[in-house]
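Novice: Residue strings, one per chain:
2 protein chains.
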Amino acid sequence: MIYLDTSDPAFFLRFQALLTARGQQGESVAAPVRDIIQDVRARGDAALCELTERFDRVTLTPQTLRLTQEEISESAAQVPPETRAALELAAARITAFHEAQMPRDLDMTDAEGIRLGMRWIALDSAGLYVPGGKAAYPSSVLMNALPARVAGVERLAMCVPTPGGELNPLVMAAAQLCGVTEIYRIGGAQAVAAMAYGTVTIAPVDRITGPGNAYVAEAKKQVYGHTGIDSIAGPSEIVVVADSANDPALVALDLLAQAEHDELAQAVLITDDAAFAERVVATVEETLAILSRREIARRSWEDYGAVVVVRDWGEASEIVNALAPEHLEVMLDDPRAFSAGVRHAGAIFMGRHCPEALGDYVGGPNHVLPTSRTARFSSGLSVFDFLKRTTTIETDAAGLLAIGPAGAELARAEGLEAHGLSLSERIRRLTEKGSE
Amino acid sequence: MIYLDTSDPAFFLRFQALLTARGQQGESVAAPVRDIIQDVRARGDAALCELTERFDRVTLTPQTLRLTQEEISESAAQVPPETRAALELAAARITAFHEAQMPRDLDMTDAEGIRLGMRWIALDSAGLYVPGGKAAYPSSVLMNALPARVAGVERLAMCVPTPGGELNPLVMAAAQLCGVTEIYRIGGAQAVAAMAYGTVTIAPVDRITGPGNAYVAEAKKQVYGHTGIDSIAGPSEIVVVADSANDPALVALDLLAQAEHDELAQAVLITDDAAFAERVVATVEETLAILSRREIARRSWEDYGAVVVVRDWGEASEIVNALAPEHLEVMLDDPRAFSAGVRHAGAIFMGRHCPEALGDYVGGPNHVLPTSRTARFSSGLSVFDFLKRTTTIETDAAGLLAIGPAGAELARAEGLEAHGLSLSERIRRLTEKGSE
Chain A
1 MIYLDTSDPA FFLRFQALLT ARGQQGESVA APVRDIIQDV RARGDAALCE
51 LTERFDRVTL TPQTLRLTQE EISESAAQVP PETRAALELA AARITAFHEA
101 QMPRDLDMTD AEGIRLGMRW IALDSAGLYV PGGKAAYPSS VLMNALPARV
151 AGVERLAMCV PTPGGELNPL VMAAAQLCGV TEIYRIGGAQ AVAAMAYGTV
201 TIAPVDRITG PGNAYVAEAK KQVYGHTGID SIAGPSEIVV VADSANDPAL
251 VALDLLAQAE HDELAQAVLI TDDAAFAERV VATVEETLAI LSRREIARRS
301 WEDYGAVVVV RDWGEASEIV NALAPEHLEV MLDDPRAFSA GVRHAGAIFM
351 GRHCPEALGD YVGGPNHVLP TSRTARFSSG LSVFDFLKRT TTIETDAAGL
401 LAIGPAGAEL ARAEGLEAHG LSLSERIRRL TEKGSE
Chain B
1001 MIYLDTSDPA FFLRFQALLT ARGQQGESVA APVRDIIQDV RARGDAALCE
1051 LTERFDRVTL TPQTLRLTQE EISESAAQVP PETRAALELA AARITAFHEA
1101 QMPRDLDMTD AEGIRLGMRW IALDSAGLYV PGGKAAYPSS VLMNALPARV
1151 AGVERLAMCV PTPGGELNPL VMAAAQLCGV TEIYRIGGAQ AVAAMAYGTV
1201 TIAPVDRITG PGNAYVAEAK KQVYGHTGID SIAGPSEIVV VADSANDPAL
1251 VALDLLAQAE HDELAQAVLI TDDAAFAERV VATVEETLAI LSRREIARRS
1301 WEDYGAVVVV RDWGEASEIV NALAPEHLEV MLDDPRAFSA GVRHAGAIFM
1351 GRHCPEALGD YVGGPNHVLP TSRTARFSSG LSVFDFLKRT TTIETDAAGL
1401 LAIGPAGAEL ARAEGLEAHG LSLSERIRRL TEKGSE
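Protein chains in written order, with my numbering: chain A, 1 to 436; chain B, 1001 to 1436.
Think of the hints as simulated: they come from the structure by calculation, not from any bench.
For clarity, every value in this text was computed on a predicted model and none was experimentally measured.
A couple of the hints might just be wrong.
Unchecked claim - Here are the in silico distance ranges between beta carbons for each label pair:
| hint | chain 1 | residue 1 | chain 2 | residue 2 | range |
| --- | --- | --- | --- | --- | --- |
| 1 | B | 1043 | A | 50 | 38 to 46 Å |
| 2 | A | 295 | B | 1028 | 44 to 52 Å |
| 3 | A | 430 | B | 1155 | 38 to 46 Å |
All residues carry an ideal CB built from backbone N, CA and C; glycine is no exception.
Given the sequences, and given the hints that come with them, work out the whole structure.
Specialist: Next up, the structure:
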């Protein structure tokens, strides 16, 4: 854990170290991922089965790549009623928020009588990646599948690795809730490759979304261009901005809720009270001793955790903008006033009663968010990931005569003769007709 | 040029060939581009100067990488008034359309009294790539810079190669019109690397947009993740859907307006009248003989041009959706009826008086559009490329008590203890306080 004080003359140097602490993850797996993708493109289902045997210790044939409806139902049926009820509440709230996100089309006619438009159209298909093993999260299914559903995507395919052959009943129940019936028991770079390029058994999809490990993130980056992807997901991070009026134990739990995700996760406390910071750090240490995922959480906290003591909240918002965190908690009396100064954050959780974990599950906004400072230029998953725009221009002869000559002049200036002729020849014919 | 008839039993096989005709461009330059990016990251300005000397035959120092305001003004002053007036008309129309695109924030309070929001925030900075040499297009400057300006991006940097040291007055005038004053005379993969990672002289930007050759496209793909980019631009393409009521000469010019862009450009005519198709092809041949860019246009037309004769317009819209073209012209009596069936196209130009070239310059919608079938999942450049979203959740104790337990249940189910505790401990404290 690194302790920073903005009054320290060396603050900015040490803060730079914090910014770059987690470095370039994924770089190292570029080569093996490239090999896996090439193998899947070259040998299709056969490669998928071999790679799944190697990585997940599961023996598959092209016939058993896809889960049967019986397998899905039987697995989902194991979910206890109270958990199912919680999934349903989450699904309802996520659906409602993403429905509110849906944009409207443009249809305008300008002074020249030229009609301009923009239509939002859903993708034909989307592929949802769901991490497997210890990180098989039903909430990921809801957060990926529901925005696609709300956007109007007709075909949703899902890939979830089943290490050791084990299905996750919660993931199956979540998929059922979202109406996802096309599920493949594959994961890693091979699953991304299959969804991007297709195999005999798996039809390719137009866009692949969902969180994953370094291999999955690298694979998404490598297929990008041929297939759409969501933003590259890196390890999770949170910044908690808290004053001394907060309960240190609750702040500590919020920090550890990030730390327990991943050894590379980063939890940062920003406060204006050094004594409060010490109480939080002490509670983190106590809690780390008893937490079930303490090995992971301790690695994360000790390697990447940070406490920053600021002189005022203006400094705090500058630091937040520099970190551009995936998650930001503002545990102050007036969280709106503070967050008005925040330009870069994936999601903001406002007030003393709004832990980030609320947004992971039942808040409504998406929990797939930009990590590793990419909130500077990218956004959380949304219906916009499953829609694209087509613009339209419609004009009659009068409109062409009004603006066409300027277009022809620019075409001439750019030396694109046929561009110019396609405008000027139309204008000439119309003018001659006009003067007949 | 390939001639297809949907009544041909081999149509679908031959159509597949058309879909994949232009193959995987850029693959081959991945390695050299990687080297260039590494070189710029390692040696910064020195690498930029050496690479510019090698590729553009221009000798630069870190001090002369950036154009002076005098250089920009002197060059821009050479643009004749009629061209300047055309640029101004284009700028006004592009600005108006992109202003209409600006989305609105969300701010909703649900039945549980939980306030959910989504704020659109402009990027801090953007880097605009403008192709140099024979393809130095002022319209590209307008189409990239104006959406960024409308979105509210404060810092706009521009890179434009100046082969042989020559500045393009039109590009400089367009930059002036957009208020772009930070312009570097570099291009290719080295310019993309400089904007992504920064050098001593060039500060990095948050997102890089703009068309370019295969090196530029590959470089954007390689920096993606660290920096935002627009969709990977490939060679241009158009599909013209036309009945025999059209003037074959105008249809031929619209096809050639794409063909003259690039040897890899693709121009496709879809019509229901074989005789009309023959007249168009004949006119294309005649015009090719006299066109100034005939070498490029002929290569494009002969290698990738296509004519598809359909039995009905329903077949035509199916073919359009399979091609997912960057540009679509609908030269029919009822273009709206036809385009209602189009799900995948970057931009649609409707009616007999609306050539694609109109949209290249003065229509208003952006001319930077998804190519190579990426319109299946991506969109043209817009204000959305220069904005990102931050979602917000704000709740009081009552809201947390209403939905928190469901969140805690899902955290428990996912085995994330600290997530669950950050919710349940708050709930416990509130309940105890309540029952005191």
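Novice: Hint by hint, say whether it matches the structure.
Specialist: Structure-based check of each hint:
Range check, residue 1043 of chain B to residue 50 of chain A: Cβ separation about 43 Å, and the 38 to 46 Å hint holds. Between residue 295 of chain A and residue 1028 of chain B the beta carbon distance is about 46 Å. The supplied range of 44 to 52 Å therefore holds. Between residue 430 of chain A and residue 1155 of chain B, the C-beta spacing of about 44 Å keeps the proposed range 38 to 46 Å intact.
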